[in-house]
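Add chain B to chain A, keeping to what the hints say.
Same order as they appear, the protein sequences are chains A and B. By numbering that gives the first Met the number 0, the letter at position 177 of the first sequence is numbered 176, and the numbering carries on one by one without gaps. By numbering that gives the first Met the number 0, the letter at position 176 of the second sequence is numbered 175, and the numbering carries on one by one without gaps.
A few of these clues could be false.
[Claimed, not checked] List of simulated lysine to aspartate or glutamate pairs, EDC-like, C-alpha gap at most 16 Å:
(1) A:145 x B:229
(2) B:145 x A:229
(3) B:195 x B:163
(4) A:145 x A:243
(5) A:145 x A:198
(6) A:145 x A:118
It is worth saying that the hints were derived from the structure and are not from the lab. These numbers were taken from a predicted model, which means no experiment stands behind them.
2 protein chains.
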Amino acid sequence: MRRLRSPTEEGTTLTLQVVEYACDGVQLTGHLALPAGGGDLPAVLVAHEASGMNDNIQSRTLALAERGYAAFALDMYGVDGVSPAESNELVTRLMETPGLLVNRAKAALAALAALPSVDPSRMGAIGFCLGGVVALELARVGSPIKCAVGFHPGYVRPRGSPGDPISAKVLMMSGSADPFATEDLRAQFAAEMTSKDADWQLHLFGGVGHTFTDPAIDALELPGFGYDADADRRSWAMMLALLEECLGSPQ
Amino acid sequence: MRRLRSPTEEGTTLTLQVVEYACDGVQLTGHLALPAGGGDLPAVLVAHEASGMNDNIQSRTLALAERGYAAFALDMYGVDGVSPAESNELVTRLMETPGLLVNRAKAALAALAALPSVDPSRMGAIGFCLGGVVALELARVGSPIKCAVGFHPGYVRPRGSPGDPISAKVLMMSGSADPFATEDLRAQFAAEMTSKDADWQLHLFGGVGHTFTDPAIDALELPGFGYDADADRRSWAMMLALLEECLGSPQ
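So here's chain A without its partners, still in its complex pose:
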């Protein structure tokens, strides 16, 4: 897994830290970004997409720390620098092995909660693509997160996905042209959330495809994928508003 870059903006002084943790014998490597000053911080778990840690996840993690959150980019794989073929295999294992995905997510959340600078009563989870599933599963299993936010998330549930009531506030944001967010899948999600009496929101960006937050996606020329600057900016603002609603003002 690549390391977080040091912040390049002048005047920002973030603390970056590699946090090793484990889940069922697998060594995982998270990357923590802390704002200047430290203290009893509200904290955000950042769950990467299928491709693993990349520039986009790095910059989101830094941006959250710049807003005053303890931001922790988790590691779902325990493998450094995965190829697309490897990531497909890793995702399939996480989705098909009951408990595997949610246990890795819980291990990351526990590592975050144990940090001395973190207020464990003010934690949220966000995620991109596969990471949206990670954030949702943490909500489904009753983890102590106040909110779960997904950017172009998957809506298919991992095998063995729990049926508990959901207390975390859920916000999923998808493009209407995202092949992983069909009307059927969105309707299934809505029915599940409603049956669990969750506080949920689903936002649709018209004509937008999958991975709309990542400028690097366009180079791959994948059908149904595409960066969208408006959806990127608007979805980030909606996430910040929900974080502030759920975790309080960061500083």
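Showing chain B alone in chain A's frame:
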């Protein structure tokens, strides 16, 4: 039509003004609220729900003026203090008479644009319930609005609704339990917006009913209707963000 109340908050100094205007021989009465200072203001047309001008529309109009917008509560009826039975009849006429709804909306927008304190290049339209249809029709007919925002809007199109391309940015926000925002109606809306290549967004508040912005609705005990404080607060914030994106900072 009832008059706008004077603002009660200390320190706010808004100018309130009744603006008479006409459409095809029908006299209409709008209510304008201006922030202190005046000038070349960004402006927001506020379209009432089926019940006509009410406390909720009044307070929204004042709130927009307090944010720095010239806010103009239009009049779709030309009738003062309508009963529920009368409003049903008025809505039916507006929806069934080709051109009637959009012409009244255009007359209101023209009255707003002609005001000396308004910058006609920075106008948006918002609306509640029927008013959401009004804002959408202004977008559909190519009016010079930068954005159209609907709170628990209707998705049925008025007879003769135009098929032009849409340049205004469209944001509709509905409750998932709103009987006027069924999956079918939302899918029709999405298909229409996509076919017109609009910049559109559709936000769903889980488990929320119709008229979620109006605390007074609960007293009527209508099935499928209901106030929701979270959806109210969040939808207002999303509207403010889009107004700022489209019209620039108000002051």
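Hint by hint, here is what the structure shows:
Restraint check for residue 145 (chain A) and residue 229 (chain B): the C-alpha separation of about 15 Å stays at or below 16 Å, so the hint holds. This hinted pair checks out: residue 145 (chain B) and residue 229 (chain A) have alpha carbons roughly 15 Å apart, not beyond 16 Å. Distance check on the hinted pair: residue 195 (chain B) and residue 163 (chain B) sit about 7 Å apart at the alpha-carbon level, within 16 Å; holds. Straight-line distance between C-alpha atoms of residue 145 (chain A) and residue 243 (chain A) comes to about 11 Å, which keeps the hinted pair within the 16 Å bound.
Distance restraint check for residue 145 (chain A) and residue 198 (chain A): the Cα-Cα separation of roughly 11 Å lies within the 16 Å cut-off, and the hinted pair is therefore satisfied. A distance of roughly 12 Å separates the Cα atoms of residue 145 (chain A) and residue 118 (chain A); the hinted pair therefore holds under the 16 Å criterion.
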